[in-house]
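A.B. asks: Chains as they are written, first to last, in our numbering: chain A, 1 to 376; chain B, 1 to 212; chain C, 1 to 85.
Among the clues, some could well be false.
Over 12 angstroms on every C-beta distance to chain C, these chain A residues come out as not near it, computed from the model [as the list claims (entries may be wrong)]: (1) LYS135; (2) GLU137; (3) HIS240; (4) ASN330; (5) ALA337.
No farther apart than 25 angstroms at their CA atoms in a straight line, the calculated lysine-lysine pairs in the DSS-like style are these [claimed, not checked]: (6) LYS7(C) x LYS50(B); (7) LYS54(C) x LYS187(A); (8) LYS29(C) x LYS50(B); (9) LYS189(B) x LYS260(A); (10) LYS66(C) x LYS53(C); (11) LYS187(A) x LYS22(C); (12) LYS42(B) x LYS54(C).
Over 10 angstroms on every C-beta distance to chain C, these chain B residues come out as not near it, computed from the model [said to hold, decoys possible]: (13) GLU27; (14) LYS50; (15) LYS53; (16) ARG98; (17) PHE111; (18) SER113; (19) SER115; (20) VAL118; (21) ASP154; (22) LEU164; (23) ASN199.
If you are wondering where the hints come from, they were derived from the structure by calculation, not from laboratory data.
Glycine is no exception: its CB is placed at the ideal position from the N, C-alpha and C atoms.
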Amino acid sequence: MRDVYLSADNIITPLGFTTEENAGNMLEGRSGIRQVEDNELSPAPFHASMLDKKILYEKFSSFEDPGKYTRFEQLAICSIKDAISGTDLDLSGSRTIFILSTTKGNIDLLEADPGDERLFLWNTARILGRYFNFKNEPLVISDACISGIQAVITGVRLIKAGLYDHAVINGTDIISEFIVSGFNSFKSLSNGPCRPFDKTRDGLSLGEGSGTIILTVDHDTSGKCRIIAGDGYSTNDANHISGPSRTAEGLFLAISRVMKRSPSAIEFISAHGTATPYNDEMESIAITRAGLQDVPVNSFKGYWGHTLGAAGVIESIMGKYSMRNGILFNSKGFSEAGVSNPLNIISSPERREINNCLKIASGFGGCNAAILYQKK
Amino acid sequence: MRQTCIITSFCAVRDNKLILDGKLLYESATGDFTDFASRLYKHSGISYPKFHKMDNLCKLGFITSEFLLKDKELSGRYAGVETGIILMNSSSSLDTDRNHQNTISDRNEYFPSPSVFVYTLPNVVIGEICIRHKIYGEGNFFISEKFNSLFVFDYVSQLFNNNLVECCITGWVEINGSNYRSVLYLIEKTGKTESGIANFEPAEIEKIYNRK
Amino acid sequence: MEQLVQKLKEEIITALNLSEMKPENIDEKAPLFVDGLGLDSIDALELTVLLEKKYGLKIKTSEEGKKVLFSVNSMAEFIRENNRG
Numbered sequence: 001m002r003d004v005y006l007s008a009d010n011i012i013t014p015l016g017f018t019t020e021e022n023a024g025n026m027l028e029g030r031s032g033i034r035q036v037e038d039n040e041l042s043p044a045p046f047h048a049s050m051l052d053k054k055i056l057y058e059k060f061s062s063f064e065d066p067g068k069y070t071r072f073e074q075l076a077i078c079s080i081k082d083a084i085s086g087t088d089l090d091l092s093g094s095r096t097i098f099i100l101s102t103t104k105g106n107i108d109l110l111e112a113d114p115g116d117e118r119l120f121l122w123n124t125a126r127i128l129g130r131y132f133n134f135k136n137e138p139l140v141i142s143d144a145c146i147s148g149i150q151a152v153i154t155g156v157r158l159i160k161a162g163l164y165d166h167a168v169i170n171g172t173d174i175i176s177e178f179i180v181s182g183f184n185s186f187k188s189l190s191n192g193p194c195r196p197f198d199k200t201r202d203g204l205s206l207g208e209g210s211g212t213i214i215l216t217v218d219h220d221t222s223g224k225c226r227i228i229a230g231d232g233y234s235t236n237d238a239n240h241i242s243g244p245s246r247t248a249e250g251l252f253l254a255i256s257r258v259m260k261r262s263p264s265a266i267e268f269i270s271a272h273g274t275a276t277p278y279n280d281e282m283e284s285i286a287i288t289r290a291g292l293q294d295v296p297v298n299s300f301k302g303y304w305g306h307t308l309g310a311a312g313v314i315e316s317i318m319g320k321y322s323m324r325n326g327i328l329f330n331s332k333g334f335s336e337a338g339v340s341n342p343l344n345i346i347s348s349p350e351r352r353e354i355n356n357c358l359k360i361a362s363g364f365g366g367c368n369a370a371i372l373y374q375k376k
Numbered sequence: 001m002r003q004t005c006i007i008t009s010f011c012a013v014r015d016n017k018l019i020l021d022g023k024l025l026y027e028s029a030t031g032d033f034t035d036f037a038s039r040l041y042k043h044s045g046i047s048y049p050k051f052h053k054m055d056n057l058c059k060l061g062f063i064t065s066e067f068l069l070k071d072k073e074l075s076g077r078y079a080g081v082e083t084g085i086i087l088m089n090s091s092s093s094l095d096t097d098r099n100h101q102n103t104i105s106d107r108n109e110y111f112p113s114p115s116v117f118v119y120t121l122p123n124v125v126i127g128e129i130c131i132r133h134k135i136y137g138e139g140n141f142f143i144s145e146k147f148n149s150l151f152v153f154d155y156v157s158q159l160f161n162n163n164l165v166e167c168c169i170t171g172w173v174e175i176n177g178s179n180y181r182s183v184l185y186l187i188e189k190t191g192k193t194e195s196g197i198a199n200f201e202p203a204e205i206e207k208i209y210n211r212k
Numbered sequence: 001m002e003q004l005v006q007k008l009k010e011e012i013i014t015a016l017n018l019s020e021m022k023p024e025n026i027d028e029k030a031p032l033f034v035d036g037l038g039l040d041s042i043d044a045l046e047l048t049v050l051l052e053k054k055y056g057l058k059i060k061t062s063e064e065g066k067k068v069l070f071s072v073n074s075m076a077e078f079i080r081e082n083n084r085g
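Extracted from the complex, chain A is given alone in its bound form:
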């Protein structure tokens, strides 16, 4: 069966408009998470990684009329545009599928007009697809926090099934009053920047961003190392719609399935690590049950916050960056272990050759996903 390669990519967060820019800032120890005081978003201040509205607007205006697109669409378009510019693959024909991963899309439009057509995620995807002249009707995946990984998994599966040769995967979510109020009602937002796996962790910090990764059957001919997207799996805890399984049943199953299909030992784990007391504890159980407690692991959420539908994509891209450049990022916000199963949490950036990256995530609805990226 054919291998699916990772081609060009892009990450847009407050830490930069390209993957390289993000990585550079992360290595300098920067985080996009700030205290936000905006009464439009929340009656009380909260910590989040939010894009500078003006900068995005200016960036978008440099090539297109911002009046025609919503903030969500502008963000996604900027990301997809940059990724596409990094490859000379021909993505214009019927052998390309565009897959959008998002939890809420243009949900910030809901208050003004509950009947707004742009609230339909398939419509948002279509608008994005038309902008880039993608031939096929896009796919949209809305699977809570595992959407991003699911989008990559789906792209891999459809390409391997011979239905397409390329997949443009974009994951985007923006912060809105809708989202902030919701997470507030769960009392799951952090006081201060989030601290994944840390003893004093007290909740997640929201983040907004967009990530694009292009999957293809064509070898990367640029001379750089080739990385393939392996088989991924999704599972369900079958336990509770918002609380994870205390035995990490679903995530452990997903990781096990990946390990069964992969001959090599896992060398790096990009955890979900949202910094809520329950999620990180559950993940430590899943990782330990799988026998991976000594594998270097981090959470990227301390840099970008929890970017929901974008998370699986941008974190996968940074896993790819780590493999390409032999750099492991430390788990920002972590200082002292606070989970019942000790893990090998990366506490400072280090140069290390790694040949694969296990990306995992869990979300509301009891869903879990895992995928392995491997050097070829």
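Please build the complex by placing chains B and C on the supplied structure of chain A, with the hints as guidance.
C.D. replies: Below, chains B and C without anything else, positioned relative to chain A:
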């Protein structure tokens, strides 16, 4: 390896009707969806108090799957991890999103509710069905303008072909205000079950979806 | 106090969608978060919203929450102490 599958059973809920394998099982003369869902719940004879906490999208998906899976003894024939649930709709969780928005629109009456917010993600329907039937396998939720039989066939087929599932519940669960429609299919491998409605192929999937 | 307890039971049934329950089914002395009522973490959060919405009372810490939400009686006591009952 291409695996041939069959549609073992299907269940549809729309226009105040519940139809199982083409037979009208229950019909309610009047009432909105919330009222109809309540009647369907009573008609099912199950005792599952959590049903009343669900939003309308989950009630629709849950009750349709309840009738679909009744007497099918899924847990006796398949391990939990062998069953997948692949659902799709057009409105995502928009119906409930509006409810959440209403709890925050007025700053003087600002009371966001976790029991509403938790349902502002469409894949929670999958979660509710998994909890009820102890299903641990593959799950995915796609958003598209219309039901796409060819996509359902392509996506679910590759799950079977790659041994990712032994059994799959798939279909459309959509609600937006007073408009609602669900059509769920139970798909199994040929030879794994004695009964069957039709072969699992795009034309049959489409025919069942369009049945009046 | 009796009236408040009765009112609270009705409000809890509505807030938590316990449609199959009647106020007389709820023992005001019994722990709320035990198998009987099947309440979970979301229900606990909803009850804090209930206290805020109907009685203007905020629970400050999770420790306080555990004490206040122990039973219908403890909730009523909390409301009475803060003179909103």
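A.B. asks: Hint by hint, note whether the structure agrees.
C.D. replies: Comparing the hints with the structure gives:
{"no.": "1", "hint": "LYS135", "verdict": "holds, 44 angstroms"}
{"no.": "2", "hint": "GLU137", "verdict": "holds, 36 angstroms"}
{"no.": "3", "hint": "HIS240", "verdict": "violated, 7 angstroms"}
{"no.": "4", "hint": "ASN330", "verdict": "holds, 30 angstroms"}
{"no.": "5", "hint": "ALA337", "verdict": "holds, 22 angstroms"}
{"no.": "6", "hint": "LYS7(C) x LYS50(B)", "verdict": "holds, 23 angstroms"}
{"no.": "7", "hint": "LYS54(C) x LYS187(A)", "verdict": "holds, 19 angstroms"}
{"no.": "8", "hint": "LYS29(C) x LYS50(B)", "verdict": "holds, 23 angstroms"}
{"no.": "9", "hint": "LYS189(B) x LYS260(A)", "verdict": "holds, 23 angstroms"}
{"no.": "10", "hint": "LYS66(C) x LYS53(C)", "verdict": "holds, 19 angstroms"}
{"no.": "11", "hint": "LYS187(A) x LYS22(C)", "verdict": "violated, 29 angstroms"}
{"no.": "12", "hint": "LYS42(B) x LYS54(C)", "verdict": "violated, 32 angstroms"}
{"no.": "13", "hint": "GLU27", "verdict": "holds, 23 angstroms"}
{"no.": "14", "hint": "LYS50", "verdict": "violated, 7 angstroms"}
{"no.": "15", "hint": "LYS53", "verdict": "violated, 4 angstroms"}
{"no.": "16", "hint": "ARG98", "verdict": "holds, 18 angstroms"}
{"no.": "17", "hint": "PHE111", "verdict": "violated, 5 angstroms"}
{"no.": "18", "hint": "SER113", "verdict": "violated, 6 angstroms"}
{"no.": "19", "hint": "SER115", "verdict": "violated, 5 angstroms"}
{"no.": "20", "hint": "VAL118", "verdict": "violated, 6 angstroms"}
{"no.": "21", "hint": "ASP154", "verdict": "holds, 37 angstroms"}
{"no.": "22", "hint": "LEU164", "verdict": "holds, 31 angstroms"}
{"no.": "23", "hint": "ASN199", "verdict": "holds, 42 angstroms"}
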